[in-house]
Amino acid sequence: MPKKRYANPNQLEPYVNYKKRCDSIYLLLLDCGQLRYRISDHTTFRFCQAEIEQIRQFLLSLLQDMNHCFTNDQMQVQENDDAHLTNLEGIYEMVLQVVMEEPLNFLLFIDDIRQLSKLCLIKDG
Amino acid sequence: MKHIVFFAPWTVTSTLIFLLPLVRSPLLPSRIFCVLYFICVCFSIPVISLLADTESNFLLVLVVGIIFVLLNLYKTQTEYMHWLIFILMSLCVIAALSLKNTSETSIILYASSIACGFLIALFIISLRNLFYARQLKLRLNDYMTDLQYLLNAIFDCFLQVDYPKAMYLYEKRIHDAKKPSHLKGRKLGNVHCQKNGMPIQIN
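From first to last, the protein sequence lines stand for chains A and B. Positions 1069 to 1193 (the working numbering) are the ones given, in order, by the first sequence. Positions 172 to 374 (the working numbering) are the ones given, in order, by the second sequence.
Calculated from the structure, these hints are not laboratory results. Since this is a predicted model, take the numbers as computed values, not measurements. Do not take every clue at face value.
[Stated by the list, open to error] If you want the footprint, here are the derived chain A segments under chain B, 3+ residues with CB under 8 Å:
no.	segment
1	1090-1104
2	1108-1122
3	1126-1140
[What the hints assert, rightly or not] Below, a sample of chain B positions facing chain A; criterion: calculated Cβ distance under 10 Å:
no.	residue
4	Pro180
5	Val332
6	Tyr339
7	Leu340
Even for Gly, the Cβ is constructed at its ideal location relative to N, Cα and C.
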């Protein structure tokens, strides 16, 4: 396979876009992390421990896919199944909304995760 | 051999002049800028040398210097750069004045040596672009790895039962994971700014 040369600076544009995406992911991750301050009772997380673990694995696989595609110059990510996110939403509607003192904070977290997964799945072309 | 020795300083000087825009904008805009320089230097020096009058040397140097400073106004923001370009261009014009009584062939040789300098500068700029692309790729790779580390650190706070007891430990982990990502983001931002010809971010 011939090596790619980047003599034309316009070819740097995908990298700059990718960097912007990484920055947005970074900010969204920090926003997701705010949940630890927003939830006063930490035991609440035990209700959805399995779902959160699945979401972690799901996001990690998305990031790894992104990195893999980037290093192989594909510049696009394969579609991933976001069933874990739907599971968490189900748990939220059935259990967390009733049990939690601050249910809205969890809704914000779910929204952040959804945005994060959408951002990882954007195709640069 | 004699010709090469005579024209080599011209090539070196023009290469340096064409590379000047790299100081602030290393990528695409500098190429356009190089073309502007090329047109100005290649055409103005022979023309000035033919039209030059020894009595108005100072005025010529001043006028050409001002033209080049104005050309640079939209790209370079520091006075230092204006003065540097002014001095270099003035030196070129002074040298060009000595061509007044030379033959047409010599003027073509002068112009071609300047063109050689331009080509060398373009080659250096292309190498720089290649270097930037590779650097960007490596840094983005590291950035993504740090993001994964940050993701793990954040989710550990939710999932680990001892988080309320060992809050300091987990917060420290997040802090450590956050810092390199942030710094890498800044470095990449600098590359992005340089590409667009903007001043480099400090904060």
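Here's how the hints hold up against the structure:
1. Check result for the segment 1090-1104 of chain A against chain B: holds, 10 residues qualifying (beta carbon to beta carbon below 8 Å, three or more required).
2. Against chain B, the segment 1108-1122 of chain A contributes 6 residues with a C-beta closer than 8 Å to a partner C-beta. That satisfies the three-residue criterion, and the hint holds.
3. A stretch counts as covered by a chain when three or more of its residues have a beta carbon under 8 Å from one of that chain; for the segment 1126-1140 of chain A and chain B the count is 8, and the coverage holds.
4. Given the 10 Å rule on beta carbons, the hint for B:Pro180 is violated: about 29 Å separates it from the nearest Cβ of chain A.
5. Proximity of B:Val332 to chain A holds as hinted, the smallest CB-CB distance being about 8 Å (cut-off 10 Å).
6. This hint is violated: B:Tyr339 has a C-beta 13 Å from the nearest C-beta of chain A, more than the 10 Å allowed.
7. With a least beta-carbon distance of about 13 Å to chain A, the hint placing B:Leu340 at the interface is violated under the 10 Å criterion.
Of the numbered hints listed earlier, those contradicted by the structure are 4, 6 and 7.
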